[in-house]
Amino acid sequence: MTRHAWLAAGLLAAFTVPALASPCADRLTKVESLAKDKSKNAISASTGGQAGAGARGGQGVTGNSGAGSAEAAAPSEKSAEAGKGGDLAIQAKVALDEARTADGKGDETACMEALGRAQKLLATAP
Amino acid sequence: MIHEAKLMAEQATPNRETPLLDTVPGALANVSRRAMLGGMGALVLALSWRDPASAAEKDEGPKKYGADAMPHGWQDDPKVFVAIAPDGTVTVTCHRAEMGQGVRTSIAFVVADELEANWDKVTIAQAWGDEARFGNQDTDGSRSLRHFFQHLRHAGAAARLMLVQAAAKQWNVPVSEVRAENHVVTHAKSKRSLGYGEIAAAAAELPVPARESVALKESKDFKYIGKGKIGLIDNRDITTGKAMYGIDTRLDGMLYALVARPAVYGGKVVSYDDTEALKVPGVVKIFKIDAPEIPSEFQPLGGVAVIAKNTWAAMKGREALKITWDDGPNAGYDSVAFRGELEKAARAPGKVVRNQGDVDGAMAKAKTRVEAEYFVPHLVQAPMEPPAATVRIKDGFCEAWACTQAPQATHDRLAKKLGLATDKVRVNMTLLGGGFGRKSKPDYVLEAALCSQAVGGAPVKLTWTREDDLHHGYYHTISVERIEAGLDAKGMPVAWLHRSAAPTIGSIFAPDPKHELPFELGMGLTNTPFAVPNIRLENPAADAHVRIGWFRSVSNIPHAFAIQSFVAELAHAAGRDPKDYLLDLIGPDRKIDPTSIGDVWNYGEDPARYPIETGRLRGVIEAAAKGIGWGRTMAKGTGLGIAGHYSFVTHTAVAAEVEVGAKGEVKVKRIDIAIDCGPQVNPERIRSQMEGAVVMGMGLALSAEITFKDGRAQQNNFDGYEITRIDAAPKEIHVHLLPNPNFSGPLGGVGEPGVPPVAPAIANAVFAATGRRIRQLPIRDQLSV
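Chain order of the listed sequences is A and B. According to this note's numbering, the stretch in the first sequence is residues 1 to 126, in order. According to this note's numbering, the stretch in the second sequence is residues 127 to 911, in order.
Source of the hints: derived by calculation from the structure; they are not laboratory data. Since the structure is predicted, the reported quantities are computational estimates derived from the model, not experimental observations. All C-beta atoms in this analysis are idealised placements derived from N, C-alpha and C, irrespective of residue type, glycine included. Check each hint, because a few of them may be wrong.
What the hints assert, rightly or not - Okay, the calculated bits of chain A under chain B, using three or more residues with CB under 8 Å as the criterion:
hint, segment
1, 37–46
2, 95–102
3, 115–123
To be verified - Which chain B residues face chain A? A few, computed with CB under 10 Å, are given here:
hint, residue
4, LYS189
5, ASP194
6, LEU643
7, GLY730
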């Protein structure tokens, strides 16, 4: 192959690859970045002693606090909202992986559905 | 008689009321040294101090990790941690709880090394609970040195710089010409020198140097850090019975208390008759403690308290109580039947917590499929010293002496429970005779406070008996792990489905959570670093019927047992060597961002600084295998097993050699345990922690189990709850520390990571010896038929 032919092939590839990517795949990459950020938020918020971490996690997942927890001195700045974030980030990541798999199979509808689910979860994650 | 002798010994032991410098904390620690300091009117560095660096103070961005993100952050102020007396005695304050892991020793020599202190002139004082002063004090999560190593180095180095600056000022020479070494500051040009004690007062007058101006030592210049030459600072006191634990506390006029608690979680006192109990000589007062609402978090369980003039009277008084209980909603809890519920849950789809690729599709196309279920029962921490606390409330001030892993949480709850301002409470930290997570819960300190309150604030020591500890614990969860793999033609997994069903720790904080929390999932489940293209992890719902708590290494225990056992099963199915198969499954060396595989816990650490490093996991597996002589010919009835696991941002592997006797009795002959925890600050203690982890891991592998019937724990003492005894301990435990000289790099945890791989390594060795697969713990008599 001549140098010009290589150049032409390269240019062709450069212009065709984006065209081959599905709309879902394009959006996936961006949302995955957001999900990663939310996951880091969750890690950052989840640290602490057992009382704080456990209370945040338990109350975050259930949306409730027990009577005993009312007496807890868990840091208020990292309350149940922080615990909620971890679970939401996990669920969003699960949905994104589903979307990625669907995209790999060329199932645009399933990809978009899972992606939408992930976005909804991430929108509520702290 | 024995009891009387003990009391006399307690009376002879000084307590915290011995005069001490306000700035030198030292509850029940090294009293003679402290008394000497007080008597000499020591001039100390600790005159004023700066607030700990909290997340808010060092706001470098929205995300904080590690120590930065802990409540009250960290502290590196030398005036908090270092005091130097006129005779040169250096007192280092330890703000973390000592429970045998050697943190008092490690903290002291880290500071002393940077300070250039002569170890022979260093002593240690124990801090009280005050995170606003000391930074975070939650001694759990295997993070004392992980979070404080660099900050304590800084504290020592800053103190050294202050001594140099003070000497330079006194001699009127440039600071750069003065050197501090081995407890002496020297100006070589003028041949002048001063001992640390001679210049300490002047140094204390100086402002603490700005952080950026303090130079840490190069690691090649370390004298103590990483050398492994310093033994446990408390060793002599511990081995001669002089060490003061929470249960040893004794104050003038002290009363003694025990509590009769509901046998079932959520139970309540309906009525009680204390007529006979009050007739017991020495019984002073009996009163009811209201049961908390469920979930009860860290609150006392309620019941009836008996206060007496001595522990024996309190025990006899408790025995004489006639109590009518309402057992509450968990009265029907039967852990054997509950196992069936968990198995049922694990055999049906559950909440998906990781879903990589297409498991169903790959499973359908797999050449073969293998599936197995694993069971781990409830466990209890059973520290050798059961929970104990002493509380006195005098003139509106509450002072507690407690073997606690969480002094600040204890402090805050005491204030709330008693309705006191937080500055009217002080929690003194004693030595802990073991903790393992149990002593992070202050329920027993709160009980002691209620007892003191009931007798007008007189000092009361509240003791849990061994039976109390086993009957009313914060139990390790009970779990069923079901794993299914689809294999390719070479026997390697192309699909991996793992369902983990276990009641969550979250159930003590919130009503009725059905699923494990992210931090439980992140303990060896979601962050499984296998090179398998299709992975789905599910967490079926599970109810909790007892208080679920943290047990050393927590959810890593069931996850590691199941996964590492299953890998060995797959290796066998493929006709492969288990170690080689495990390494192939881990795959090529790579750094995995935990968030990329759905782990949103990562032990609270920055995923960029603390990725999962499969090369390091491979390294420990190979080291353990090499150590034990993997591949050697084994005699009949003996076998080798191996397991590797990542936990607390540390990589650990265990190789076990077992012998199974004719009656099915399992003898662990040798264990090789390898750990890569990053730079090793105290190799001697790391070895000790690994040895302890092996012994504890053996206990849960071979014999330890808590069962419940009618909501009640069935085991009473060490006859029923069998931990490893000395005759069962392996004759040989070989610890392999993988070198890492980069002391600026991230430290991993040490206290807990040794435990998880022990049980699967032993179980795999049993299979190698007998051909019988262990799928439930403890092994106990499974091989006897």
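For each hint, the structure was consulted:
no. : hint    : in the structure
1   : 37–46   : holds (count 8)
2   : 95–102  : holds (count 3)
3   : 115–123 : violated (count 0)
4   : LYS189  : 4 Å, holds
5   : ASP194  : 9 Å, holds
6   : LEU643  : 4 Å, holds
7   : GLY730  : 3 Å, holds
Consistency with the previously given hints fails for number 3 only.
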